[in-house]
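Top line first, the protein sequences correspond to chains A, B and C. According to my numbering, the first sequence holds residues 1 to 251 in order. According to my numbering, the second sequence holds residues 1 to 329 in order. According to my numbering, the third sequence holds residues 1 to 314 in order.
Because the hints were derived from the structure by calculation, they are not lab data. Hints may contain errors.
To give an idea of the chain C side of the interface with chain B (calculated C-beta under 7 Å), a few residues [stated by the list, open to error]:
id	residue
1	H101
2	L102
3	A107
4	F109
5	T139
6	L292
In this text, a Cβ means the ideal position worked out from N, Cα and C, and glycines have one as well.
Single-letter residue listing:
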Amino acid sequence: MTCMLQIRQLSKRYGGLLATDQLSLSLASGELHAIIGPNGAGKTTLIGQLSGEVAPDSGAIEFDGQDITALLPAQRALRGLARSYQITSVFPEFSVLENVTLAMQAHRGHSFGFWTPMLAQPALVEPAVRAIAQAGLSERCTSKVSELAHGERRQLELAMVLVAEPKLLLLDEPMAGMSHQESGNVVRTLQGLKGRYTMLLVEHDMDAVFALADRISVMVYGRIIASGTPDDIRNNEEVKIAYLGEEALPL
Amino acid sequence: MMRNTLTAWFVALVVLMLLAVPAYARLANEPFALTFVSRILVFALAAVSLNLILGYGGMVSFGHALYMGLGAYVVGILAQHGVSNGWVQLAATMATCALVGLLTGAISLRTSGIAFIMITLAFAQMFYYLFVSLKQYGGDDGLSIPARSEFGLFSLASPLALYFTALALVLLSLALTRRLVVARFGMVLQGCRINERRMNAMGFPTFRYKLTAYVLSSMLCGLSGLLYANLTGFTSPAYLAWTLSGELIVMVVLGGMATVFGPLVGAITLLVSEEILKALTDHWMAVLGPLIVLVVLTARRGLYGYLLDIDAWRARRQRAAANATGEQP
Amino acid sequence: MLGFVARAMTTSLFFIQILNGLQLGVLLFMLSAGLTLVFGIMNFVNLAHGSLYMMGAYFAASAYAKTDSFILAALVGIAGSAALGFLVERVVASRLYARDHLDQVLATFGLILFFNEIARWVWGASPVYMNVPPALSGTINLLGISYSAYRFAIIVVGLLVALGCYVLINKTRVGMLIRAGSSNPTIVAALGFNIKLLNATIFALGAALAGVAGLMSGPILSVQTGMGEPILITAMIVIVIGGIGSVRGAFYSAIIVGLIDTAGRAFLPMMLREFLDRSTAQAAGPALASMLTCIFMAAVLALKPAGLFPVKNQ
């Protein structure tokens, strides 16, 4: 089992707040690893440090065998580390197809093409259409993003991270704000991706987490207090205490 | 690619009218009409260049008059030294604007938002002072251009040649813009405007694309300066004034940002409005100022932008009607 | 180089240029402080700030011509620009806080055109002259050097204003509201404070500061339409160098820029004559001097794109 992601003693402080506290974690290739924890545990800060938008104070991040701690987000993206956003961050003026094709374009050569329309290039459009289908959004391919429902926009987020076939997917609350039915669709989609992609999933939806995860880590106040299989976590006393009154663990 | 849409008809009408201006000027014995519309076309070309980075790219440059001024001064200085070959002047203008654009752009684009606006304004002002202090080229009073640009087959000394050159360049730049904005480069540029954070996260090195757009824009704007110097027979530091930069922005916004045809509509509207106001009162700027404020508060999409919106609304209605009839058993 | 030092720079000339630089610096600070405050708190870029500077000068010049009392003229200038600032905020600026910077730039650009033309209409196109108040028309003796009493007064007033800003922002309740409003206006409003009044007050305060700068500049520059924009651009350079939103940054940066600009104009042409022939130096000297602040800004930005004292935002 090769190690796809290795986080060593990562720390990040915001003034008086220690958002990430000497955090260490490793992900095996093809694993779907979920991170759960109460609000304010520092999950999004962790994702930010992995994607490169937040610089850690100390510690190292190794991705696919290479130290990427000093790399910019664009550089990490080109090496196959893709991130989706908790608050949808797409291109509202473009259509669904344009959004996903643009995401593909980042990985296919340079963009100093001044003449041929982007949508007339099969090398870009075909993978985009496939990713849109994978995310379950095919009927809305040519719709403008402003016309999409919230759940559909989250599906677009997913399509945009899938299109370039990344090695690691950082999924920041992909089911945020979704209805039960919409979440079900996303769970099915992610199930279909298991094994082919390595995924780090931050989520509050416990049904989804326990249905999908190979391993779960529980984060509280910037530290991981427990890490293991879903069964391990289900029976862990410290985890129950951390969650008492917040969410019910599925039986 | 002509569709039966409001915008297609509007574009056709405008182009036809522009083609008819020289004939009108001759028949009605109004040479001023030719000079005036030439001026509109020159500014339209500058507005097209600004629309590329401001409308499509989201880079609010408040110093674009710099490149118009540079173009005009290249012509003036070369003519002063006896070089009136248009091709040489053109090459020199492109090179100068590209170089200045590269240097100022590389520095300015390290910032964004309000800092970028202020820095572009400062750089333009810096060159303004430079030209004011160049006494051998007229300084504050400006420089009379002894001879117009000669291009071999035609000369910009002829008002007719100048008019058609300007018109051809405007139409060409509009057509090229149309291709560019949906090509790879244009999509990246627009992406940088809409959501730069996501562009970076997706893997685009945004700085190089923005800088490229900035340099291309400065070169096109320099071309408009070359034409302007030929039109007025004159160049002066006033061509780099910040007020001119502001007027260019008004043209782009008034016409409709991130639309192909907007800059031409904006240039026509603003310059015609100014002429009307000037005829009404000496204090026309006291009227123009509040009008600009009003436009900002109310007409955000720009005139051509509204036409596009109307077409889009009509298209949606037609689709909805087609769906409704399709569903009837 | 040493020959130049020995020949051109007497101690008193050097010291006078330092003082002149300081004087320009405090004027720039007064102009920049309002601009950076309004930007830092309401996220509003006000290009018409130079117009408020100009109107302060015009109001004071007219009042001085009519009453012969500089104190009265100063009060009229300050009150007038503050009132004008309040009006601009209520009628135009407040509608644009939520809009993007382009809209704000365009709208305030329109205001500049309006104010410049109104000034030309009311006061005419020729410059209006304002005399130095008789009490300050002499020179004072500073460590053996004779310096214009009026310019010294500007320095004193400027430093007092800077001190006043520091006390206001850091030591008073209003200042606390200002700082709170800058990071979280919704909470300030939710706590029951009248955020609209607070914003209008801050805007008017910035306008008053610009008015002070304007009226004090009156006697040493000429009061004319369009006088606000060149110095506004320098003020923008000051803010960019200092760090947008930072009043402290604006202060240090204004002093630095004032010194560089003054020293550049005074010494650069002389220095160039050491290296270049006379006619080239004649042409290049003033050009480079006026470009100096901009070049300095470019150098700062190359190393620190967020300015020397950037304000930490979320």
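Results for each hint:
Among the interface hints, the one on C/H101 holds; its C-beta lies about 5 Å from the nearest C-beta in chain B, closer than the 7 Å criterion. The interface hint given for C/L102 holds, since its Cβ lies 5 Å from the closest Cβ of chain B, which is under the 7 Å cut-off. At its closest, the beta carbon of C/A107 sits 4 Å from a beta carbon of chain B; the interface hint therefore holds under the 7 Å criterion. Residue-level restraint check for C/F109 holds (minimum Cβ-Cβ distance to chain B is 4 Å; threshold 7 Å).
Hint status for C/T139 relative to chain B: violated, with the closest Cβ pair at about 31 Å, above 7 Å. Taken as an interface hint, C/L292 does not check out: its beta carbon lies about 9 Å from the nearest beta carbon of chain B, beyond 7 Å.
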